[in-house]
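*Asks:* From first to last, the protein sequence lines stand for chains A and B. Throughout, this note's numbering is defined as the position within the first sequence, counted from one, plus 6. Throughout, this note's numbering is defined as the position within the second sequence, counted from one, plus 986.
Just so you know, the hints here were simulated from the structure itself, not pulled from any lab data. Mixed in with the good hints there might be a few duds.
As the list claims (entries may be wrong) - Which chain A residues face chain B? A few, computed with CB under 10 Å, are given here:
hint: 1; residue: ALA94
hint: 2; residue: GLU96
hint: 3; residue: ARG128
hint: 4; residue: GLY136
hint: 5; residue: ASN163
By construction, the Cβ of each residue, glycine as well, lies at the ideal position given by its N, Cα and C atoms.
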Amino acid sequence: MKIDPRRLLAIHRAVGAVVAAFLVLLAITGVALNHTEALALDQRHLDAPWVRALYGIPEPEPEQAFAAGQHWLSNWNGRLFLDHRPLATESRGELVGAFAVQGILAVITARELLLLTPEGQRIDALAYPGDGTARAAAMRDDRIILGLADGRIVATNPAFTAFRPADVAAPAVSPATGEALPAGIRTAIREQARGPGITLERLILDLHSGRIAGPVGVWLMDAVAVALVALVASGLGQRWILRRRHKRPR
Amino acid sequence: MHTFARTLPGLLAALLLATLPARAETYQAPEAFVTEAGGDFDAPEVLWLTGEIQDTIRAILGHRYASLRLRYWRDGDETLWVLEEIGKEKPITLGFRVADGAIVDSRTLVFRESRGWEIRFPGFARQFRGARLTDDRRLDRAIDGITGATLSVNAYRRLARVALYLHAEVSGED
Chain A
7 MKIDPRRLLA IHRAVGAVVA AFLVLLAITG VALNHTEALA LDQRHLDAPW
57 VRALYGIPEP EPEQAFAAGQ HWLSNWNGRL FLDHRPLATE SRGELVGAFA
107 VQGILAVITA RELLLLTPEG QRIDALAYPG DGTARAAAMR DDRIILGLAD
157 GRIVATNPAF TAFRPADVAA PAVSPATGEA LPAGIRTAIR EQARGPGITL
207 ERLILDLHSG RIAGPVGVWL MDAVAVALVA LVASGLGQRW ILRRRHKRPR
Chain B
987 MHTFARTLPG LLAALLLATL PARAETYQAP EAFVTEAGGD FDAPEVLWLT
1037 GEIQDTIRAI LGHRYASLRL RYWRDGDETL WVLEEIGKEK PITLGFRVAD
1087 GAIVDSRTLV FRESRGWEIR FPGFARQFRG ARLTDDRRLD RAIDGITGAT
1137 LSVNAYRRLA RVALYLHAEV SGED
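Okay, chain B solo, but in the shape it has when bound (with noise of 0.2 Å):
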């Protein structure tokens, strides 16, 4: 058969799939992220966004965050965060695991976005995994992007930098 013949299939099923609208993929649910780290979900810790910590997110993110009240889970010096953050259009999910100021892992939890979902891959995550903080709240590694998916990275940088400010927020590490 013509290869262009064989291709049509594939090409017009990708054509459809990219007119399709975007919903939410859960990768992997929150609850089943902090199970797996070993945190109780059902006894998370409580941090209010208020004054200052708000203000410092918003200089990280640009925006205030998108509630006053974050839950968050802690053992030991370990803190699990699940934050939000709107890539382009939608929030996007991701969990993260901070130990003595490092992301010691970090996943996307809930994409819903329609383009972007690459971050999900465990070798774009991976390159967080050590990142911490400057003194003036930026990551002290560069993060490679992915094409295509500017937003979406840019979204779990900013993600990444809070969730380390939080981390050490809660545990008097700043």
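Chain A extracted, bound-state conformation (with noise of 0.2 Å):
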């Protein structure tokens, strides 16, 4: 088959702009990897609502959230947040309720319950009687009653120090039904649990190699390096071309 000279040298120009255009991103991203620590890129965070998107990393969004008298108790991954404050003590297992009682916080979590002063405060903290899980809660009489895993119901003491057997109807407050945090509880403590967002190498990185894209990305990066073989090889094929055109005898 006989190549025409001149359609060859359009097809090599064109495929040249676009991958120019990738080369010029390759080069500007691969010096800036080869000086990450210089340029401190991976120490620098970005946390912009399109990285989020582009990444996927959902918005923190609380587990439970319990009012408590003045106070909202919220669980956000195991952090506990007392309104927007993180409170220094985790939560064991899932949120079960919070309650407002004799002037300090009663928080039901899973596997204890919480005492804490209004200010957050951790008074002491009650593992529920046989090491058991509480599903549901209640404040009855400036009590606590829990429902738990095994089907027993326990209430708080008087002193809140131990828990006692209760002949009294199921609680009804659990995970489930807890409330919608304030939306201005809720964004402060997005701020605050949301974590830092990617690196500024990650995201070089991932331009570089194209995988910011997913695997179409990656796949395009790998025809754009296939490309410039071929340009390479276009353009020493016409400089072969031209050399002969000139040896030629007119």
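Each chain sits in its own coordinate frame; assemble them with the hints.
*Replies:* So this is what it looks like as structure tokens:
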């Protein structure tokens, strides 16, 4: 088959123009990656909404939230927040309920009852009888009533130092009856709970490899690499054709 | 079979275990510890950690105790304490039985760290038997460490000092 040199040149130029754009991207990102430490790319974090959307990082959401008097208790992946402030104590299991009682806050997690001051300082933490797990809670007559996973119903004593078996109706408050956290508190906690985002190094690396666009991006970068090799071949081929033309006697 | 081939499954299992996330391991529920020592778990006494008590605990632990209130159990001269302290990242729950200013028994009740669980062995806990506080609130004896469990061992030592101090505080032995 005879190849038309002018047609080959046109294809070479068109492919070259497309590949050139990717070459500029590869060159810039490659140089940046070569100087990751000097540019502190691994120290800089991106948390913009478009970055989170690009990487499919979900906005953190509270798993459970309960109003307790003037306050709100919420559980964000095991981290407990009193209003918008994080507590030093983790949630041992899901948050089952929260009540303001006798001037303190009673926070019922699946594995223990936390007693907090209104400022969030831990007064005490009581495990449930028989190493039980709380499924539901209620407050009646200044006592915390708990429904345990094994069907027992227990209640705190007046000093909140121990549980006693209780012959009362099963409590109704459970993780499923949690309430919607007010928007202001939710937004404030999100800022703390969402984490640092991704590093600038990761973004540049993904731009360089094409992974920023997923598997398609990787294949695209592979195609660019193949096209680059093809350009070298077609460039050398045209040079060879031109040299032959110049050598041919007129 | 080649020795390497025989040990490979074990090595892989150990590697897999090492990569598993830490979870709470309850060796003895606090309730069972108190009951076994003769205490009535549902009838604790209460000590509020305020003022000088919290200051002294801070001097021993290097930080405030996590709670404002401690429940303990008393039977004559003997007291029982269930205390928590962070080894590296998670709280370790220990039980102490103290009488006449000396530790009678101690146990690891709940361990939540990924490393250092060797403190649960009775051989380690046995070193604390008979330990007392010196005038500067240190243990009157050296406690041998455990390789790879330094932070847990240190947490155990600190809580032993706290238990002895609190016993003296509620017994008026100070």
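*Asks:* Take the hints in turn and mark each one as holding or not.
*Replies:* Here's how the hints hold up against the structure:
1. Checking A:ALA94 against chain B: minimum C-beta separation of about 7 Å stays under 10 Å; hint holds.
2. A distance limit of 10 Å between C-beta atoms decides the matter here; for A:GLU96 the minimum to chain B is near 8 Å, and the interface restraint holds.
3. At a threshold of 10 Å, the smallest CB-CB gap from A:ARG128 to chain B is about 5 Å, leaving the interface hint in force.
4. Contact between A:GLY136 and chain B, as hinted, is supported at the beta carbon level, the nearest pair being about 7 Å apart and thus within 10 Å.
5. Taking 10 Å as the C-beta cut-off, the interface hint given for A:ASN163 holds, the closest approach to chain B being about 8 Å.
Violated hints are absent here; each numbered hint is respected by the structure.
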